[in-house]
Amino acid sequence: MAKRMIESKTAIGDLLAEGFGRSFWLFLLFAAVSGFVCYQVKGSVAFEYALSRDLNLLASTLPRIVAAVSIAGLIWAILPTDKLTQYIGQDRGIKSLIVTMVVSILTPGGPSAAYPLLAMLGAAGADRGVLVTYITGWSMLGLQRILVWDIPFMGAEFSITRFLVCLPLPIIAGLIARKIPIKLSLNEPDNRARGQ
Amino acid sequence: MGSALIGFYSLLFILLVYTYLRKDGSLTKGLNRAAEQIIKLVPRMLCALIAAGFIAQLMPSELIASFLGAESGAKGIVIAAMTGMLIPAGPVVVFTLAAIFAHAGASVQSLIVFITSWSIFAGHRIIIFELPLLGKSFLKLRLLSAGLTPILAGIFAIGLQLIFAKS
Chain A
195 MAKRMIESKT
205 AIGDLLAEGF
215 GRSFWLFLLF
225 AAVSGFVCYQ
235 VKGSVAFEYA
245 LSRDLNLLAS
255 TLPRIVAAVS
265 IAGLIWAILP
275 TDKLTQYIGQ
285 DRGIKSLIVT
295 MVVSILTPGG
305 PSAAYPLLAM
315 LGAAGADRGV
325 LVTYITGWSM
335 LGLQRILVWD
345 IPFMGAEFSI
355 TRFLVCLPLP
365 IIAGLIARKI
375 PIKLSLNEPD
385 NRARGQ
Chain B
122 MGSALIGFYS
132 LLFILLVYTY
142 LRKDGSLTKG
152 LNRAAEQIIK
162 LVPRMLCALI
172 AAGFIAQLMP
182 SELIASFLGA
192 ESGAKGIVIA
202 AMTGMLIPAG
212 PVVVFTLAAI
222 FAHAGASVQS
232 LIVFITSWSI
242 FAGHRIIIFE
252 LPLLGKSFLK
262 LRLLSAGLTP
272 ILAGIFAIGL
282 QLIFAKS
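Top to bottom, those sequences are chains A and B. Under my numbering, the first residue of the first sequence carries the number 195, and numbering increases by one thereafter. Under my numbering, the first residue of the second sequence carries the number 122, and numbering increases by one thereafter.
Keep in mind that the hints were calculated from the coordinates and are not lab data. There could be a bad hint or two in this list.
Stated by the list, open to error - Estimated spans, in silico, between C-beta atoms of each pair:
no., chain 1, residue 1, chain 2, residue 2, range
1, B, Ile284, A, Tyr243, 46 to 54 Å
2, A, Arg216, B, Gly146, 28 to 36 Å
3, B, Met180, A, Phe214, 24 to 32 Å
Bear in mind the structure is a predicted one, so any value in this text is a computation, not a measurement. Even glycine gets a Cβ: it sits at the ideal position worked out from N, Cα and C.
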């Protein structure tokens with residue numbers, strides 16, 4: 195019990211170290227420098243205008259981000275990534291590309307989740323169209339990115355427009371990939387990739 | 122904006138109830154992960170949003186508008202696709218830039234192309250994940266198949282706008 199507590203304490207410590215790590219201070223410094231330059235170049239009125247608009251934006255963004263990240267986290271807990279791949283079919287029609295795209299959109303997590311999964315699909319013998327559709331769909335339309343980044347930064351209307359506009363693209367990319375006759379030699383997935 | 126927030130929290134509520142009823146630990150697992158992500162992301166995200174506001178003041182908006190604005194047309198789409206390609210960094214940087222461009226008067230089409238192009242090319246992902254896990258030949262295949270999709274996104278976006286303008 196005590197050991198578990200210590201473990202969870204160091205886990206929180208690590209997490210805080212990551213959240214407030216070097217890149218955080220760089221971003222903070224960047225914000226401070228840009229604020230200073232703005233004050234010097236454009237004067238106090240522009241500075242105050244930008245700051246008050248930013249603070250308003252933050253106030254409206256924070257609840258959205260908290261909700262979006264919680265939604266993404268819960269979806270991640272319901273949909274184990276390894277089970278998703280079962281739904282990716284082996285047939286070579288357009289249907290397999292559509293299913294692949296849906297799975298790619300729902301794949302939770304960042305690149306450290308999606309790429310090992312792609313490598314596993316490749317090792318399992320999925321065709322090149324499926325592979326290209328999967329990673330294109332994940333990177334363009336991944337639900338988690340849309341919830342966490344697109345909507346808070348760009349607004350819901352923009353995000354929906356971008357989603358609709360991009361919806362056919364992973365399938366088009368997969369269809370093109372099936373026509374490209376280059377030799378595909380995938381790296382052997384290492385144990386780390388298999389373990390995830 | 123208000124309706125998006127209501128939608129978010131309704132969905133969150135449904136998911137909370139659903140994961141609670143499953144009684145398989147997915148509620149705690151999901152919320153733990155969410156807390157983790159919030160601690161990791163939010164501090165940097167907030168700094169980025171503040172910096173974006175200041176930089177938007179400093180940027181020559183006429184210049185951005187002339188490159189990426191509604192009048193820039195096909196040129197704007199190509200410029201947006203190339204700018205998106207050149208950013209080898211994660212979403213914090215890209216969405217900050219996109220917000221700056223939006224403040225400065227970039228058109229919806231250019232912004233769609235910019236974000237889409239980054240999502241395809243993101244150089245850091247290629248180096249950290251794609252090359253080690255999949256290899257060069259897959260990268261080549263993927264770029265040949267998906268390389269022009271950001272431009273297609275721009276064309277579709279213009280099409281969508283024309284449809285809505287008519288109706």
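For each hint, the structure was consulted:
no., hint, in the structure
1, B:Ile284 <-> A:Tyr243: 46 to 54 Å, "37 Å, violated"
2, A:Arg216 <-> B:Gly146: 28 to 36 Å, "34 Å, holds"
3, B:Met180 <-> A:Phe214: 24 to 32 Å, "28 Å, holds"
When held up to the earlier numbered hints, the structure conflicts with hint 1 and nothing else.
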